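There are 6 protein chains.
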Amino acid sequence: MSDPDRLSARERIWGEDAAAIEAKLVEADPDLAGLILRVAYGEVFERPQLDLRTRELLAVALLTALGAERELPTHLRGALRCGASVAEVRETIVQVAMFAGFPRALAAMRVLARHLGDAEDADPAG
Amino acid sequence: MSDPDRLSARERIWGEDAAAIEAKLVEADPDLAGLILRVAYGEVFERPQLDLRTRELLAVALLTALGAERELPTHLRGALRCGASVAEVRETIVQVAMFAGFPRALAAMRVLARHLGDAEDADPAG
Amino acid sequence: MSDPDRLSARERIWGEDAAAIEAKLVEADPDLAGLILRVAYGEVFERPQLDLRTRELLAVALLTALGAERELPTHLRGALRCGASVAEVRETIVQVAMFAGFPRALAAMRVLARHLGDAEDADPAG
Amino acid sequence: MSDPDRLSARERIWGEDAAAIEAKLVEADPDLAGLILRVAYGEVFERPQLDLRTRELLAVALLTALGAERELPTHLRGALRCGASVAEVRETIVQVAMFAGFPRALAAMRVLARHLGDAEDADPAG
Amino acid sequence: MSDPDRLSARERIWGEDAAAIEAKLVEADPDLAGLILRVAYGEVFERPQLDLRTRELLAVALLTALGAERELPTHLRGALRCGASVAEVRETIVQVAMFAGFPRALAAMRVLARHLGDAEDADPAG
Amino acid sequence: MSDPDRLSARERIWGEDAAAIEAKLVEADPDLAGLILRVAYGEVFERPQLDLRTRELLAVALLTALGAERELPTHLRGALRCGASVAEVRETIVQVAMFAGFPRALAAMRVLARHLGDAEDADPAG
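Protein chains in written order, with numbering that gives the first Met the number 0: chain R, 0 to 125; chain U, 0 to 125; chain F, 0 to 125; chain B, 0 to 125; chain L, 0 to 125; chain V, 0 to 125.
Okay, chain R solo, but in the shape it has when bound:
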């Protein structure tokens, strides 16, 4: 197996979904995809000042506050892949309720519950 410390931020966040997420980004718009890959993932997320687990909890909080429900699954999975527990992701969303109100937090929890349900369905041992 590959050394996780050698993986890029993007590889660690996207895991086995990497090819599918990148293909969809490029399909949406190659120029915007380029900026997201190069600036957000390739530069900001690679900076050492914050660890990826913290960065992914921040991403979950920000997408929850924005109400960006379709972008949430990538970073809900990313947070779990980077070492956050389901309880930490849930608590991050609970905290958003204090800063951005209950409706945004509830919408994010529904996305998370759907994702966890799908993950169980996909896993016969789930």
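If you're looking for bench data, these hints aren't it; they were derived computationally from the structure.
Check the hints yourself; a few may be wrong.
Treat identical chains as interchangeable: a pair holds within one or across any two.
[Claimed, not checked] Cut-off 25 Å, straight-line C-alpha distance, at most; resulting in silico cross-link-like pairs (DMTMM-like, lysine to aspartate or glutamate): (1) LYS23 to GLU87; (2) LYS23 to GLU10; (3) LYS23 to ASP117; (4) LYS23 to GLU68.
None of the values given here were measured: they were computed from a predicted structure.
Given the structure of chain R, go ahead and fit chains U, F, B, L and V onto it with the hints provided.
Just chains U, F, B, L and V now, with coordinates in the frame of chain R:
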């Protein structure tokens, strides 16, 4: 029939959907559901400073301004259950257009139209 | 004294500040001022589907949710002029905290506290 | 063929979708539809200070920043009908990423890609 | 005089304020300043798909919709420097009112009026 | 000195500003202050699922995304008090730029720079 003044704010807002709404809240996340039930419904909505009809019009306006389309149906129905007319709910959304622009108001009207259409479909006398 | 039912929505909301508010609107931009006066005040706020007290509580809630602190004083005063009590205005802002989070509600309460303090300062019997 | 300079802003933006869009607006709410048709399209969009191509790029940018994904298709098509190229619409959305972040821009690009795909599917020569 | 076509997007937008704006950006945070200078100004704003006048009107619209009143002056001036007239900038803000409501548009008009007033004060021939 | 593990979340976040912050909250509105103290600080921030350093970085990110510049200083200081470095707080704000755009991030950096400047001014050894 039960005395409406004895019912909790939550019972009056949720009406016959109460069991379904509560089950879905808990399914999304038990901790967040607890805060919503205890703080928002059990405490703030129970305070006597505003009547429930006004509170539900405020809820419709705020969810419209947030663009929280999936959370809207609960409070569109809640406003009607708490004594607001369809015309008052529509006018609340029209007023939001002045403060938060036409797109948010239009999106909320579409949710309302769908809800009223469904209600008619479900009601053979509709 | 003039019959309050004969007054326009704008006159009832703006009260003795009417000339100052209108002058400032026109100074900011005559075209935008025209739209606000004609469409928001002259048309939407004049529609009979909602009373002005409810409309002004909706305005307070929406401006609080938007974080529009400089536009708030006009409608905080307007709500009080149209028959809402200070307790109702405060409770409206408390309810916003549930839908849009504590920071927006707190910022609005600070604007309200400042306004009420100024009003007391201006009133030797306050 | 009719003289494009004689067409209303609304006819130029909505093109062959005009009847369908207007019917849907009225179906959502006749009063709100009236305001949108009369004030937004009939007055603001008719003012000569900005050409319609610029106005539609502004509309795309604003709907992208709001995350108003269901309202976007009308103005994505409108921008193209009013003389903007696909490259200009894409670039407008890329610029929004700088001011409102990548998630909003990405969501809008997905709506655009879907629209362009549908347009190709509908056009045997596409 | 230097050839305007040889100037960078940043030089054309910032004009004689360039040194002051850059110093303030770096003072706020060198890393963030680096991203803004390199990605927003050095890359996105340099792309040929949109002219700078259109980009600056988009910037004014987006900052108005965000309520980012302190960031507005840079792009109000930038729009004027890149060839937009005061009437076009005003009309851009009027259009924002349709998409994001009157309060945001009004706040931006106040910033613009203040800027234009200051410009007159600074110009003995104003 | 007191054992930091015995301190409440609120005491650790507010530090020596505790009395001043609480007095200002109550002055703004006693009921809202009660909810913030009891629910946000007394309940959510006390939950063990996330450490206070992570919670305060989330708070900084959320207030930055909301543009809540007046509420930011409390949590900028809180993050530093709970063990985050200045570099981590800065990086949190840089990450917000990716999710909510450069203007919000820049505004937050200006608040932070002002706070750090004030702290230096207050500290003769700064």
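Status of each hint after checking the structure:
1. LYS23 to GLU87: between (28 Å within a copy, 21 Å between copies)
2. LYS23 to GLU10: within (16 Å within a copy, 34 Å between copies)
3. LYS23 to ASP117: both (20 Å within a copy, 17 Å between copies)
4. LYS23 to GLU68: both (16 Å within a copy, 18 Å between copies)
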